[in-house]
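Engineer: Sequence:
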Amino acid sequence: MNERNYSKTLNTLYKKTLSFRAKILYLPLIVVFMAITVIAGLSSHFTRETLLNDMRVHGFHIARQFVDRMKSNETAEAVLDGMIEDRIRTVCNIVIKNQDILSDDYLHELSKDFDVDEIYWFNTYGEIIYATVPGYLGWKPDSNHPLNAIIQGQPELMEDIRKDAEFGNYVKYGAVRNTDGTFVQAGISADKIYELTNQLSYQAIAEDMVSNEDILYVSVTNNDAVIVASSNPGEIGIQKTDAGNISVLQNSTPYASEYYSASLGENVYDIIYPIVINGSLRGSVNIGYPMRDAHAAIEGIIKLILSVASVVFAVLILIWNRTSDGIIKSIENIKNQLAIMADGNFTHDIPESLINKRDEFGEIAKSLSITQESIKNIITEHSMLVEKMQFGLAVHEIITDEDNKPVDYRFLSANDSFERLTGLKRDEIIGRTALEVLPHLEPYWLNAYSEVALTGDSQEFENYTEELGKWYQVVAYSPSHNLFAVIIDDISERKKMEELLYMEKENFRTTLLSIGDGVISTDDNGKIILMNVIAEQLTGWKEDEAIGMDFSEVFTIVHEYTMEPCRNLVEDVLRTGEIKELANHTALIRRDGALLPIEDSAAPIWNKNGKITGVVIVFRDFTEKREKHNQIEYLSYHDYLTGLYNRRYMEEAMKRMDTVENLPVSIMVLDINGLKLTNDAFGHEMGDKLLKRVADILKKSCRPQDVIARMGGDEFSVLMPNTSSQQALDIRDAIIGETSKIELESVIISVAAGYDTKTDASQDMDIIIKNAENSMYESKMKYGKAMRSQVIENVLRSINLKYDNEQIHTERVAEYCELMAREMNFSEREIHAIKHAGILHDIGKIIISPELLNKKEKLTNDEFDIIKKHPETGYHILRNTYEYAGLAKIVRHHHERFDGTGYPDRLKEHEIPLESRIITVADAYEAMTSNRPYQAAKNKEEALHEIKRCSGTQFDPEIAEVFLRIMK
Numbered sequence: 000m001n002e003r004n005y006s007k008t009l010n011t012l013y014k015k016t017l018s019f020r021a022k023i024l025y026l027p028l029i030v031v032f033m034a035i036t037v038i039a040g041l042s043s044h045f046t047r048e049t050l051l052n053d054m055r056v057h058g059f060h061i062a063r064q065f066v067d068r069m070k071s072n073e074t075a076e077a078v079l080d081g082m083i084e085d086r087i088r089t090v091c092n093i094v095i096k097n098q099d100i101l102s103d104d105y106l107h108e109l110s111k112d113f114d115v116d117e118i119y120w121f122n123t124y125g126e127i128i129y130a131t132v133p134g135y136l137g138w139k140p141d142s143n144h145p146l147n148a149i150i151q152g153q154p155e156l157m158e159d160i161r162k163d164a165e166f167g168n169y170v171k172y173g174a175v176r177n178t179d180g181t182f183v184q185a186g187i188s189a190d191k192i193y194e195l196t197n198q199l200s201y202q203a204i205a206e207d208m209v210s211n212e213d214i215l216y217v218s219v220t221n222n223d224a225v226i227v228a229s230s231n232p233g234e235i236g237i238q239k240t241d242a243g244n245i246s247v248l249q250n251s252t253p254y255a256s257e258y259y260s261a262s263l264g265e266n267v268y269d270i271i272y273p274i275v276i277n278g279s280l281r282g283s284v285n286i287g288y289p290m291r292d293a294h295a296a297i298e299g300i301i302k303l304i305l306s307v308a309s310v311v312f313a314v315l316i317l318i319w320n321r322t323s324d325g326i327i328k329s330i331e332n333i334k335n336q337l338a339i340m341a342d343g344n345f346t347h348d349i350p351e352s353l354i355n356k357r358d359e360f361g362e363i364a365k366s367l368s369i370t371q372e373s374i375k376n377i378i379t380e381h382s383m384l385v386e387k388m389q390f391g392l393a394v395h396e397i398i399t400d401e402d403n404k405p406v407d408y409r410f411l412s413a414n415d416s417f418e419r420l421t422g423l424k425r426d427e428i429i430g431r432t433a434l435e436v437l438p439h440l441e442p443y444w445l446n447a448y449s450e451v452a453l454t455g456d457s458q459e460f461e462n463y464t465e466e467l468g469k470w471y472q473v474v475a476y477s478p479s480h481n482l483f484a485v486i487i488d489d490i491s492e493r494k495k496m497e498e499l500l501y502m503e504k505e506n507f508r509t510t511l512l513s514i515g516d517g518v519i520s521t522d523d524n525g526k527i528i529l530m531n532v533i534a535e536q537l538t539g540w541k542e543d544e545a546i547g548m549d550f551s552e553v554f555t556i557v558h559e560y561t562m563e564p565c566r567n568l569v570e571d572v573l574r575t576g577e578i579k580e581l582a583n584h585t586a587l588i589r590r591d592g593a594l595l596p597i598e599d600s601a602a603p604i605w606n607k608n609g610k611i612t613g614v615v616i617v618f619r620d621f622t623e624k625r626e627k628h629n630q631i632e633y634l635s636y637h638d639y640l641t642g643l644y645n646r647r648y649m650e651e652a653m654k655r656m657d658t659v660e661n662l663p664v665s666i667m668v669l670d671i672n673g674l675k676l677t678n679d680a681f682g683h684e685m686g687d688k689l690l691k692r693v694a695d696i697l698k699k700s701c702r703p704q705d706v707i708a709r710m711g712g713d714e715f716s717v718l719m720p721n722t723s724s725q726q727a728l729d730i731r732d733a734i735i736g737e738t739s740k741i742e743l744e745s746v747i748i749s750v751a752a753g754y755d756t757k758t759d760a761s762q763d764m765d766i767i768i769k770n771a772e773n774s775m776y777e778s779k780m781k782y783g784k785a786m787r788s789q790v791i792e793n794v795l796r797s798i799n800l801k802y803d804n805e806q807i808h809t810e811r812v813a814e815y816c817e818l819m820a821r822e823m824n825f826s827e828r829e830i831h832a833i834k835h836a837g838i839l840h841d842i843g844k845i846i847i848s849p850e851l852l853n854k855k856e857k858l859t860n861d862e863f864d865i866i867k868k869h870p871e872t873g874y875h876i877l878r879n880t881y882e883y884a885g886l887a888k889i890v891r892h893h894h895e896r897f898d899g900t901g902y903p904d905r906l907k908e909h910e911i912p913l914e915s916r917i918i919t920v921a922d923a924y925e926a927m928t929s930n931r932p933y934q935a936a937k938n939k940e941e942a943l944h945e946i947k948r949c950s951g952t953q954f955d956p957e958i959a960e961v962f963l964r965i966m967k
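The sequence shown: position 301 = 300 (numbering that gives the first Met the number 0), numbered continuously.
Hints should not be assumed to be uniformly reliable.
[Unchecked claim] Keeping only pairs whose Cα atoms sit at most 30 Å apart, straight-line, the calculated DSBU-like set for lysine-lysine is:
(1) Lys888 x Lys139
(2) Lys868 x Lys857
(3) Lys70 x Lys162
(4) Lys675 x Lys867
(5) Lys111 x Lys162
(6) Lys302 x Lys495
(7) Lys691 x Lys627
(8) Lys947 x Lys937
(9) Lys526 x Lys541
(10) Lys111 x Lys688
(11) Lys781 x Lys834
(12) Lys867 x Lys854
(13) Lys699 x Lys675
(14) Lys469 x Lys495
In short, the hints are calculated from the structure, not lab data.
Note that the structure is a prediction, hence the values are computed from the model and not measured.
Whole structure, please, built from the sequences with the hints as guidance.
Structural biologist: Next comes the structure, spelled out in structure tokens:
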């Protein structure tokens with residue numbers, strides 16, 4: 000159908016069905032509708048811009064927090080690195096100070112005392128001449144090695160943490176040059192700091208941030224726009240080429256944009272922020288936020304405007320309808336002319352007699368003549384408006400059978416929007432019936448439309464059509480009998496949102512009732528309308544009892560110490576519209592009268608019109624959290640084992656007490672001699688007892704005003720305000736004296752102590768501390784060796800007392816070892832060494848209980864596993880002593896077998912130290928020829944036969960042959 004015929008059809012429809020009143024009402028209503036549409040569009044636009052601006056500000060704030068965290072992390076890493084460098088520098092200066100007594104053994108001993116992994120002494124040619132790692136003796140750095148800076152005169156070199164090429168661990172090296180051109184290098188394992196650096200990395204922060212449900216993704220790029228960290232690890236290494244990232248990296252200014260993410264299936268607000276630390280651009284951080292909330296807010300505003308529009312339309316129709324009644328009656332006399340005009344005949348002139356009337360109707364007639372042409376134009380414009388309106392408009396005629404029963408309907412006309420909303424092309428449907436176009440059309444459409452066309456009653460409804468797969472809002476009316484017109488709008492998206500809102504509401508209620516905190520909701524009068532299970536448990540009230548009650552009747556709160564009533568949170572929130580939280584020390588009076596410490600918050604519930612409709616209160620039992628808080632607060636300043644203050648407290652106390660009023664102030668640094676040896680020899684439980692006993696001595700020997708702290712491991716410090724150097728010396732001597740009086744089973748209590756005194760405000764406290772540490776180290780070097788030797792003697796004495804015939808066993812093993820060594824032409828020094836190894840070979844049995852070692856029955860697998868640990872324990876004990884360190888490996892491997900089936904390392908043949916193979920034979924023979932709880936002694940011939948039988952499997956055949964020759 001062409002446009003001319005379409006207009007003719009519309010004019011005919013208007014002439015037949017529209018009254019004068021309808022003509023008066025129709026155009027104003029259209030104008031009002033268009034005005035409301037414009038307002039809705041502008042409101043949604045400004046709302047969108049406001050929301051995007053809020054998201055941009057919030058996103059930039061979160062990004063700045065990310066950068067601030069990175070700054071803090073770099074500062075923490077620098078502090079940790081500086082601590083390691085201080086220890087390296089201290090060790091190097093001690094080595095230089097004692098260069099006259101340098102040796103491999105001295106460096107080895109010093110590395111243990113300072114917990115340093117490697118120490119090397121270089122001559123002026125840059126060649127290692129003393130080392131803790133023998134394999135590096137004679138090594139010299141190549142031309143590209145960092146140590147060349149020291150060789151060329153640089154006084155100090157501190158390298159970055161790097162991965163050791165040989166062992167694969169992370170190490171930090173530092174070197175200090177002596178005045179004569181020699182220099183010392185020290186290395187400390189930095190695996191834990193490297194691990195901590197990883198924990199403080201961009202990747203860790205990105206993964207932490209994305210755990211927030213309001214953030215979709217986080218990624219970090221370097222200055223080359225390559226992703227170095229991402230909440231999606233698969234992106235790492237990819238270079239970003241988008242304009243946003245390039246702009247941020249070039250201009251160091253933030254960037255924000257919105258786009259649709261196909262991978263996430265939703266619109267995303269993208270924030271890109273430059274990472275600038277200490278004035279240097281490091282890259283950018285990219286944060287994505289979901290746009291779903293912004294879209295929901297815009298849709299809510301549109302719905303609000305549509306609701307208001309409906310009310311306005313209804314009021315206008317009512318007002319204009321009543322007004323038109325008087326007008327219609329006043330112009331009854333000219334209805335014939337109006338009827339002609341209503342038929343669309345605007346060429347018929349108004350009679351002169353009607354125009355010449357001298358009353359109001361005459362004036363109306365004159366106006367009709369003047370406006371006749373205007374009405375023609377209005378109708379034309381009206382037709383165009385219908386054609387271009389956003390709602391679909393179509394006119395149909397009902398088709399009935401011989402009994403006047405509706406069976407189908409035919410399309411007569413349709414506008415562009417009808418075609419757009421239904422997908423039905425006008426040139427394909429005009430003149431055709433509905434069942435021809437839509438063969439599977441649901442019957443309810445025909446039933447509704449036929450009732451409108453045959454009765455003249457208008458209908459407004461919403462329905463779904465399977466044929467088109469959409470929801471429609473429909474207004475149907477009859478312009479004349481057997482005809483009906485429909486105005487439609489596609490509301491499929493709205494229906495989906497309604498379903499989502501319903502599901503969201505149900506999910507919210509389910510979540511509210513199942514969360515771990517107590518939740519109470521009230522109406523705007525403070526009456527309870529909801530309680531979850533946790534709230535029932537905390538208050539003692541059941542929900543069905545509490546609903547309808549005033550909030551203060553169920554939720555009575557007081558100050559837990561004064562019992563003074565607290566303010567009513569619900570009333571505060573309803574009055575101010577603000578979120579409120581309880582003050583500290585608030586307690587809930589339960590229904591049974593019991594007091595329950597709680598923490599809570601109350602927030603207003605707003606409706607879409609900005610009115611408070613109620614309050615939601617979330618609260619929880621604070622008892623356990625408070626206990627944990629108190630415990631954490633205590634542990635943050637105390638050592639958990641000794642009860643003394645810890646390093647953190649001591650460092651704060653030093654800053655706090657570094658004042659003129661406290662001068663002179665003395666610092667004492669103490670270190671327990673042989674704690675590691677005690678742990679290895681007697682177990683960590685005994686080591687803990689030693690630490691506690693030393694702590695008790697410090698408390699007894701120091702004064703109430705002194706601050707005593709365990710700084711970590713075996714190190715303690717005492718801060719003594721208003722204490723002179725002589726007073727500090729007296730306190731130190733008192734501590735040393737107390738340690739000599741105390742006995743702890745077989746453990747020797749010995750401490751190395753040093754102190755220094757600050758007498759002038761200009762003195763640096765750090766220098767005082769270092770002086771005290773150096774004094775302590777000198778004491779430790781002086782008395783440490785003798786103390787460890789005493790520990791070894793005590794261990795042997797303890798073993799001999801605990802175990803039957805142990806002293807006889809070790810003496811005989813030593814004797815057999817000496818015989819074999821002489822037969823094998825060992826030097827006197829070597830004979831002396833293997834004899835001592837024979838005496839010490841079972842020193843690791845200190846960890847085995849007497850009951851287990853003297854057990855007569857067969858050992859279980861678990862018991863035998865305990866027995867097999869004693870060579871390793873002996874190794875750890877001996878390697879920490881200067882005198883016996885060279886025997887440690889011999890003792891460790893004296894239970895290895897020649898065929899590789901021994902323990903602890905399953906060495907075989909000549910992988911086993913020669914001395915260990917000798918002890919294996921001597922130990923086995925002595926055990927066989929002695930009475931043991933689990934077996935009777937063999938005679939000499941039987942034992943020698945067993946030695947021969949196991950030659951080549953358990954024993955080295957050459958050594959077994961030497962022993963057999965000697966014993967014969």
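Engineer: Hints first: check each against the structure and report whether it holds.
Structural biologist: For each hint, the structure was consulted:
Between Lys888 and Lys139, the direct Cα distance comes to roughly 29 Å. Compliance with the 30 Å bound is thereby established for this hinted pair. Distance check on the hinted pair: Lys868 and Lys857 sit about 18 Å apart at the alpha-carbon level, within 30 Å; holds. Distance check on the hinted pair: Lys70 and Lys162 sit about 25 Å apart at the alpha-carbon level, within 30 Å; holds. Between Lys675 and Lys867 the alpha-carbon distance is near 21 Å, which keeps this suggested pair within the 30 Å criterion.
With a C-alpha separation of about 22 Å, the suggested pair Lys111 and Lys162 falls inside the 30 Å cut-off, and the hint holds. For the suggested pair Lys302 and Lys495, the alpha carbons sit about 14 Å apart, so the restraint of at most 30 Å is met. With a C-alpha separation of about 25 Å, the suggested pair Lys691 and Lys627 falls inside the 30 Å cut-off, and the hint holds. A threshold of 30 Å between alpha carbons decides the hint, and for Lys947 with Lys937 the separation of about 15 Å falls inside it, so the pair holds.
A distance of roughly 15 Å separates the Cα atoms of Lys526 and Lys541; the hinted pair therefore holds under the 30 Å criterion. Our distance criterion of 30 Å between C-alpha atoms is met by Lys111 and Lys688, whose separation comes to about 22 Å. Restraint check for Lys781 and Lys834: the C-alpha separation of about 28 Å stays at or below 30 Å, so the hint holds. With a C-alpha separation of about 15 Å, the suggested pairing of Lys867 with Lys854 holds against the 30 Å cut-off.
A C-alpha spacing of about 25 Å is found between Lys699 and Lys675, which places the hinted pair at or below 30 Å, so the restraint holds. For the given pair, Lys469 sits about 11 Å from Lys495 by alpha-carbon distance, which is consistent with the 30 Å threshold.
Checked against the numbered hints listed earlier, the structure breaks none of them; every hint is satisfied.
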